[in-house]
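Novice: Chains as they are written, first to last, in the working numbering: chain A, 41 to 251; chain B, 41 to 251.
The reader is advised that the hints may include incorrect statements.
[Stated by the list, open to error] Computed cross-link-like contacts, BS3-like style, restricted to lysine-lysine with a CA-CA straight-line distance of at most 25 Å: (1) B:K118 <-> A:K148; (2) B:K118 <-> A:K248; (3) A:K197 <-> B:K184; (4) A:K114 <-> B:K248; (5) A:K118 <-> B:K248; (6) B:K148 <-> A:K248; (7) A:K213 <-> B:K148; (8) B:K69 <-> A:K199; (9) A:K248 <-> B:K184; (10) B:K167 <-> A:K187; (11) A:K114 <-> A:K58.
[Stated by the list, open to error] Cβ-Cβ distance ranges computed for the label pairs, FRET-style: (12) A:E65 <-> B:I48: 28 to 34 Å; (13) B:N95 <-> A:G165: 41 to 47 Å; (14) A:Q89 <-> B:N160: 39 to 45 Å; (15) A:Q89 <-> B:D170: 42 to 48 Å; (16) B:N145 <-> A:E72: 44 to 50 Å; (17) B:K167 <-> A:L166: 19 to 25 Å; (18) B:K167 <-> A:P161: 23 to 29 Å; (19) B:K162 <-> A:L166: 17 to 23 Å; (20) A:P226 <-> B:A51: 26 to 32 Å; (21) A:N95 <-> B:E172: 25 to 31 Å.
If you are wondering where the hints come from, they were derived from the structure by calculation, not from laboratory data. Every residue, glycine too, gets a C-beta built ideally from N, C-alpha and C.
Number of protein chains: 2
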Amino acid sequence: MIKENAKISMAVIRRLPKYRRYLSELLEKGRERISSKELSELIGFTASQIRQDLNNFGGFGQQGYGYKVEELYKAIGKILGLDHSYNTIIVGAGNLGQAIANYTNFDKAGFIPIGMFDINPKLIGLKIRDIEIMDADLMGDFIKQNKVDIGIICTSKEKAQSVAEVMATNGIKGIWNFAPTDIQAPSDVVVETVHLSESLYTISFLLKHHE
Amino acid sequence: MIKENAKISMAVIRRLPKYRRYLSELLEKGRERISSKELSELIGFTASQIRQDLNNFGGFGQQGYGYKVEELYKAIGKILGLDHSYNTIIVGAGNLGQAIANYTNFDKAGFIPIGMFDINPKLIGLKIRDIEIMDADLMGDFIKQNKVDIGIICTSKEKAQSVAEVMATNGIKGIWNFAPTDIQAPSDVVVETVHLSESLYTISFLLKHHE
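All chains should be built: construct the whole structure from the sequences, respecting the hints.
Specialist: Below is the structure:
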């Protein structure tokens, strides 16, 4: 699978969760199959785009029959690596960190928070759901002693890089960064940064140029 | 400007905040000008991509001289509509809503939260910074009586569409949606949805296919 996927563009990868979300809604409604044309109307991508995207992974549809909803939903989940679970830690236990810890949809998808860290003595020792907030100084040892797959950074911009370094040094291979800065990490560490302000500024752009 | 910008793709619009962020860091360091080549090495886009993006707005660089950092920073801010401020309301005052209300970087960029709303009686009446959490039933009247530019939805997936309808009916033209669902709105309303799980699933994809 690696060789094939070496050619998959990030644009395709970013579309896969959207397919999965729509398929999940169809499943909930009891739909058993769907044509690429219907799927296209629902999602807003062209039918040929959809066929092309899915062909990257061997293709699932059958001419004149369409896609089996459940089969495709499960297959995309597997492609996305959602067929097993990931231990996560959340670093920075302010509102955003707590929001993520409380967001049970991530648990349902297999991302299990097993520890939270902060430098604020008022937060250390508190529990969010069942997850204890620990002293940030203990993070490195915690990562070594537990199998942590993904580190979630909810700190300030200033602390983010040093947190990422502790994560990478101790063996974390995936970093989800909410601090508004780009993070440097070794090439075998996946870093995905959510730039919230960049999303907000597209709204102000569109509001300004709509008028 | 409208006619020119009608051709600007969303991909270009989404790159503009990134240029602005890097320029802001250069400004802080006291840099006065930069070539598209240097800017390219910094941001990771090709120099020709950068020139092409900026030419959409008339172009700013000078052959053999590069870009004036401060001038370009301000110009991009203006293009993004960051030359004036926006009143916002936050609907859903849980952790995520509170995180956004507490995030002063948005204020600094001109996005001013003037009200928060929730249906939870335990939250109604509380203040986050100076912003009162009001009963969600009062949202429509509040929007009518105050100039609200952007509505931020931090509710569950189930409530998001009805909240968006109250917003649009009462004159809000920009919606920033954090609920994990696509929202239907009239064509003169800008909707920007942040699908956090879609960002998370790209990490699991890359972790799986890295190996």
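Novice: Each of the hints needs a verdict: does it hold here or not?
Specialist: Now the hints, each set against the structure:
This hinted pair does not check out: K118 of chain B and K148 of chain A have alpha carbons roughly 42 Å apart, beyond 25 Å. A C-alpha spacing of about 9 Å is found between K118 of chain B and K248 of chain A, which places the hinted pair at or below 25 Å, so the restraint holds. This hinted pair does not check out: K197 of chain A and K184 of chain B have alpha carbons roughly 37 Å apart, beyond 25 Å. Under the criterion of a C-alpha separation no larger than 25 Å, the hint pairing K114 of chain A with K248 of chain B is consistent with the structure, at around 16 Å.
Between K118 of chain A and K248 of chain B the CA atoms are separated by roughly 9 Å; this keeps the pair inside 25 Å, and the hint holds. Note on K148 of chain B and K248 of chain A: the hinted pairing holds, with a Cα-Cα distance of about 18 Å set against a maximum of 25 Å. Between K213 of chain A and K148 of chain B, the direct Cα distance comes to roughly 34 Å. Violation of the 25 Å bound is thereby established for this hinted pair. About 19 Å separates the Cα atoms of K69 of chain B and K199 of chain A, which keeps this hinted pair within 25 Å; it holds.
Pair hint K248 of chain A plus K184 of chain B holds up; C-alpha atoms about 21 Å apart against a cutoff of 25 Å. At roughly 40 Å between alpha-carbon atoms, K167 of chain B and K187 of chain A are farther apart than 25 Å, so this suggested pair is violated. Note on K114 of chain A and K58 of chain A: the hinted pairing holds, with a Cα-Cα distance of about 13 Å set against a maximum of 25 Å. For E65 of chain A and I48 of chain B, the hinted distance range of 28 to 34 Å is satisfied, since their beta carbons lie about 32 Å from each other.
For the pair N95 of chain B and G165 of chain A, the supplied restraint of 41 to 47 Å is violated, since their beta-carbon distance comes to about 55 Å. Checked against the hint of 39 to 45 Å, the C-beta distance between Q89 of chain A and N160 of chain B comes to roughly 41 Å, which is consistent with it. For Q89 of chain A paired with D170 of chain B, a C-beta distance near 47 Å keeps the hint of 42 to 48 Å intact. Between N145 of chain B and E72 of chain A, the C-beta spacing of about 47 Å keeps the proposed range 44 to 50 Å intact.
As the Cβ distance of K167 of chain B to L166 of chain A is approximately 22 Å, the hint placing it in 19 to 25 Å holds. Range check, K167 of chain B to P161 of chain A: about 24 Å between beta-carbon atoms, so the 23 to 29 Å window is met. Here the CB-CB span from K162 of chain B to L166 of chain A is close to 18 Å, well matched to the stated 17 to 23 Å. In this structure the hint that P226 of chain A and A51 of chain B lie 26 to 32 Å apart at CB holds, the actual value being about 29 Å.
At about 53 Å, the beta-carbon gap between N95 of chain A and E172 of chain B misses the expected band of 25 to 31 Å.
Against the hints set out earlier in the document, violations occur for numbers 1, 3, 7, 10, 13, 21.
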